[in-house]
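Taken in order, these protein sequences are the chains called A and B.
Going by my numbering, the first residue of the first sequence is number 1, and it counts up by one from there.
Going by my numbering, the first residue of the second sequence is number 1, and it counts up by one from there.
Quick caveat, the hints were computed from the structure, so don't treat them as lab data.
We put the beta carbon where it would ideally sit given N, CA and C, even for glycine.
There is no bait here: all hints are sound.
Restraint ranges, calculated between C-beta atoms of paired labels, are given here: (1) Val7/A to Tyr75/B: 58 to 66 Å; (2) Gln42/B to Lys4/A: 54 to 62 Å; (3) Thr774/B to Lys4/A: 52 to 60 Å; (4) Val7/A to Asp28/B: 25 to 33 Å; (5) Asn210/B to Thr43/A: 39 to 47 Å; (6) Lys63/A to Tyr237/B: 42 to 50 Å; (7) Tyr237/B to Asn257/A: 52 to 60 Å; (8) Thr43/A to Asn134/B: 46 to 54 Å; (9) Lys4/A to Lys285/B: 27 to 35 Å; (10) Asp198/A to Tyr75/B: 26 to 34 Å.
Simulated crosslink set (DSSO-like; lysine-lysine; CA at most 27 Å straight-line): (11) Lys181/A to Lys85/B; (12) Lys92/B to Lys266/A; (13) Lys162/A to Lys184/A; (14) Lys259/A to Lys197/B; (15) Lys119/B to Lys222/A; (16) Lys204/B to Lys266/A; (17) Lys222/A to Lys128/B; (18) Lys329/B to Lys311/B; (19) Lys27/A to Lys92/B; (20) Lys259/A to Lys215/B; (21) Lys38/B to Lys27/A; (22) Lys85/B to Lys266/A.
Computed list of chain B residues with no C-beta within reach of chain A, every gap over 10 Å: (23) Glu82; (24) Ile239; (25) Ile405.
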Amino acid sequence: MTLKDFVFLCISFVACIVFIIGYHLHKNKTIQHEEVFSPTQYTFQTVEGPIQPLPKELVVDKKWARLGEALFHSTLLSKENDISCASCHFVNEGGDDGLAISIGHQNQSGTRNSPTVLNAVFNFRQFWDGRAASLAEQMDGPIHNPVEMATSWQEVIEKLNKDSYYRSAFYKLSPEGINQKNMKRALVTYLESLITPDAAFDRYLLGDQTALNEQQKRGWEKFQSFGCITCHQGVNIGGNFYQKLGRVDLVPEKLLNDKGLQEFTKQENHAFLFKVPSLRNVAKTAPYFHNGTVKELQEAIRIMGRSQLGMELADQDVADIEALLHSFSGELMSQAL
Amino acid sequence: MNRFLFLFIEMALMLLFTYVGTRLTDLDLQIESHQETKALLQDIRQSVNNYQLETLSVGVEVSPHYDEQAQVQLYLDNLLDEYQKLQPESSKELVSEVNTLHEGVIEYLSIVTMMGTSKRLIASAEKKLLQLANQEKLDAETLQTFTQLRALLVKVYTYQVNTDETLYQSIQDDLRVYAPQFSELKQIDIQWSVIEKHLRFIMKNVVRANILLEKLRNQSVIESVNRLFTEEDETLYQIKTEFLVLVITAMSLFFMIVMLIMLQLGLALKQSNRRVVEASQAKEKFLANMSHEIRTPMNGVLGITELCLKKEKDPTIIQYLTNLKFSAKSLVTILNDILDFSKIESGKLEIEAISFDITSVLDNVKNLFQQHMNSKAKVQLFFEMDVNIPKFIQGDPVRLGQVIINLVSNALKFTEKGTVTVSIDAEVNDSGQMFYRIKVVDTGIGMTKEQQNRIFQSFVQADQSTTRKYGGTGLGLAICEQLVRLMDGQISVSSEVDKGTSFSVQFPLVIPQLHSHKEQNLHTLRKQNVLIVDDHIIARDTIRSMCEYLDMHVTTAHNAQSAVEKLTSSSITFHYIILDWEFPMETGLDIAKKLNDELAHKAKFILMTAYSKEELYSGPEMDVFHHYLQKPFSLKELTAALLNIDQDDMELMDEQKGAPALPTYPNKHVLLVEDVEVNRLVAEHMLRDFGLKLTLAKNGEEAIEHVRQRHFDLIFMDIQMPVMDGLEATKAIRESDTSTPIIALTANVLKQEIEKYIKIGMNGHIGKPFEQDTLGEILETFLSENTAKEVLAD
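All chains, full assembly: derive it from the sequences and hints.
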């Protein structure tokens with residue numbers, strides 16, 4: 001063996017070891033990207049009783065939330081660059097668009113009313129039928145729905161990458177740049193900041209007896225004694241389990257075109273099961289029900305009393321409960337961003 | 001071929017090593033993922049438990065709202081998502097089971113919460129009626145209806161616990177029958193129709209709710225989580241085992257590769273070592289050949305020159321021939337130097353460790369330079385010896401002599417006038433080791449520091465310029481340095497330009513255990529009293545130290561008067577009296593006479609002088625001196641003089657006269673075997689001077705022929721000859737004749753060669769070129785009547 005051979009062997013051997021180490025690092029992906037993100041945190045206040053106030057304080061990663069806000073308002077998220085999330089969810093006007101059925105890609109419409117994005121983070125599941133377990137999962141729906149944005153994450157990423165603002169904004173926050181994970185993180189963070197605390201009813205819950213007027217207090221009594229409270233409870237006054245539309249009695253014909261969860265699960269027992277919708281800001285989110293066919297809040301109250309509780313509510317009862325529902329409206333937390 | 005095989009195996013091992021390494025990485029990651037899965041499954045188990053408990057608690061209305069249940073459900077879903085990402089395959093079953101659980105829960109909750117509301121509504125109506133009844137505000141008819149209603153409600157409550165078919169029918173019948181009466185109950189806030197609807201709702205859903213509750217209580221999800229957990233555990237164990245095996249494999253592979261590389265390096269080293277050995281063998285062989293090739297013609301040159309010198313009468317030609325002889329001898333010296341150097345370089349030179357007489361080494365040196373001294377009268381050579389040095393020490397006398405000769409000749413070469421002093425002294429260093437040091441100090445041209453640094457290098461002289469004044473190969477000091485090193489000694493030099501140079505060699509002093517018989521003779525001198533009379537203080541001290549070295553009692557005197565005083569005043573009996581010749585006012589003879597008159601007993605008188613005997617006054621009075629020593633004299637000469645006066649006297653006489661008359665061996669018959677004509681001629685003439693009968697042979701075959709025909713007293717046998725060489729011939733002769741001494745004539749003077757000659761039965765050797773004296777010694781050894789037998793007997 002010459003010195004040349006020896007050197008050659010040694011180099012080969014070192015190369016082998018380097019390869020193994022390289023392979024290990026690659027597989028392990030131990031090289032951690034420096035990523036600045038802090039998950040949103042709420043400070044809840046708990047009270048006795050079935051309804052809980054919304055948190056008045058939250059810590060949100062503002063950089064990600066601002067990026068999410070920009071994305072929320074960006075029409076680049078739709079196929080023809082004409083629709084943004086904000087097209088159907090007016091965050092300052094109840095979080096929906098006031099239409100029975102929203103208008104999407106090429107003026108097409110779906111079958112369901114657009115639900116509010118406000119306080120959506122406190123819903124246990126998303127969509128009317130609750131088929132999405134989280135906000136992040138929910139986003140896949142409108143992006144891909146051919147009658148909504150009619151596009152795909154891939155297309156959106158390509159478009160955003162051509163946009164200098166989004167490129168630099170994303171790379172500032174994450175070395176991975178623009179990808180589905182980061183887009184969802186930005187949007188979810190933004191949505192997490194969209195809460196409406198300090199409603200009159202919340203103040204009442206927290207001990208301010210003057211927060212509700214006499215009618216509203218009567219309405220609150222009836223809300224409980226009639227049994228509305230059975231489903232509309234928790235921090236979001238609903239939105240934490242499924243209930244069957246027309247549980248006890250008949251529902252109007254116009255609400256029967258949609259079988260709710262059954263459309264998704266195809267389970268016989270799931271017919272007309274809907275996620276109990278939140279009553280937060282309900283006074284601002286007309287029209288009502290999954291297909292938006294009920295325009296008036298009073299009508300909605302009457303339908304609920306009849307179908308869910310088997311009661312024909314008196315005008316005074318409806319008026320009292322309606323007054324109570326107005327106290328569920330809060331203000332969007334502007335200081336969040 | 002071997003090399004490529006090795007390389008191939010190594011590359012294969014490395015590939016295998018790489019594969020095992022990557023596989024280990026994969027396994028490591030798998031272990032990590034499985035451990036993660038295990039932790040996750042534990043969380044899932046806990047979470048499913050919580051989920052079921054929370055859902056059940058909603059059913060029994062423990063908590064006023066269902067946020068917690070919803071959160072638990074969300075948490076479980078998230079865990080399942082993670083699990084699905086980690087184990088897409090094995091998670092399928094669990095995910096579908098949890099989904100089934102979810103479906104049940106969704107339906108159960110929607111029913112059970114509503115049933116709660118219904119019961120509350122009915123209970124509030126019942127309560128109202130009961131209050132009225134207690135206050136006796138109900139009329140008899142209403143009270144009866146109320147009783148009927150209560151009976152019905154009891155039936156409904158019973159049905160909820162026990163879903164009996166007949167009970168169900170009976171309740172349905174009651175509802176139908178009593179409906180008109182019940183609808184008359186106006187005392188309650190809630191209309192009967194509402195209560196009826198809720199009652200019917202309860203009746204309709206009790207069975208379903210119970211089925212769903214049963215499903216909810218089912219532990220099948222927990223069980224399958226447990227099953228998955230156990231599976232994970234087993235897989236993890238398997239992977240860990242494999243991991244361990246692979247780690248051991250990787251380690252063994254690593255060691256194998258390292259071992260292989262080491263093995264190859266070792267082999268390569270061995271190979272290169274063999275090449276070096278082969279090369280040095282070739283060099284040695286070349287040297288032997290070259291030495292032989294040069295020595296053979298040199299033999300002729302030297303021999304013929306010597307013969308010519310004997311025949312020639314013309315002084316001019318004699319001068320030329322003397323110069324020629326000197327030149328040829330120089331050439332031989334250089335040749336010997338080169339051979340020595342090569343031998344040292346190749347590690348072939350063997351240093352002996354025998355007991356030797358250091359004074360005899362010095363005597364040899366002195367004798368060698370005697371003639372040189374005469375022709376270069378301006379330089380004087382002195383020898384000084386420390387009394388502390390024992391006479392016999394252990395070492396290599398030949399090589400030591402060579403070193404001293406080299407240094408002395410070097411000193412003489414570079415000294416135009418002044419002195420060259422050779423001194424030997426002994427000392428003990430810090431660690432208690434004894435050393436003896438030989439110093440050669442001259443008053444020659446000296447050297448600069450830079451020159452001193454390179455004089456021990458081969459082929460380098462102090463004066464490197466082409467116009468240098470002094471010749472030489474530049475090997476002398478290099479050989480000295482090498483020899484000294486081989487003898488575990490050190491050589492150093494100090495010098496100053498135009499002042500002189502001092503070389504100093506230092507060897508460990510080893511005293512031999514066994515003393516030679518000569519040493520025994522010295523006992524006769526021990527404790528003897530000696531009187532030294534010399535006016536020169538240094539000379540006196542030198543002789544004094546010599547005598548002290550011989551363990552004699554010394555008394556000194558600086559003139560006749562003090563000598564007489566010493567002799568008469570002390571009671572010492574002087575055995576020896578050493579006298580100088582030259583004194584300011586008188587001669588040694590005068591003092592000897594005076595002392596002789598004073599002496600009561602007989603003492604040995606020894607005369608020492610720088611004059612030759614012929615130059616001194618000669619007459620019968622000189623007989624008072626038993627011995628004559630010429631200055632400078634060595635310890636050995638002194639000892640010889642003290643011990644055996646007559647014999648040494650003869651030798652000294654011979655030295656003075658030059659070449660002694662050659663002994664003759666008229667009755668001896670010698671066979672000379674030599675193929676080269678010129679060499680044969682030289683040897684023939686040299687031998688004829690000894691008055692021998694001589695037979696010549698040209699090669700081994702002829703020699704054998706001659707030996708068969710007649711008896712020879714001695715055979716000189718050349719080694720390299722055509723037809724049959726000396727070795728073959730010797731072997732053949734030895735088959736029939738073992739007594740006739742055979743002497744090798746050879747230019748091969750390497751030790752191994754000579755050992756080989758002795759082995760096949762030769763009795764001695766003479767290296768070419770040889771001189772007549774060498775031949776004479778051999779003849780004396782083997783042909784003298786008294787010694788020949790002795791030698792052969794050895």
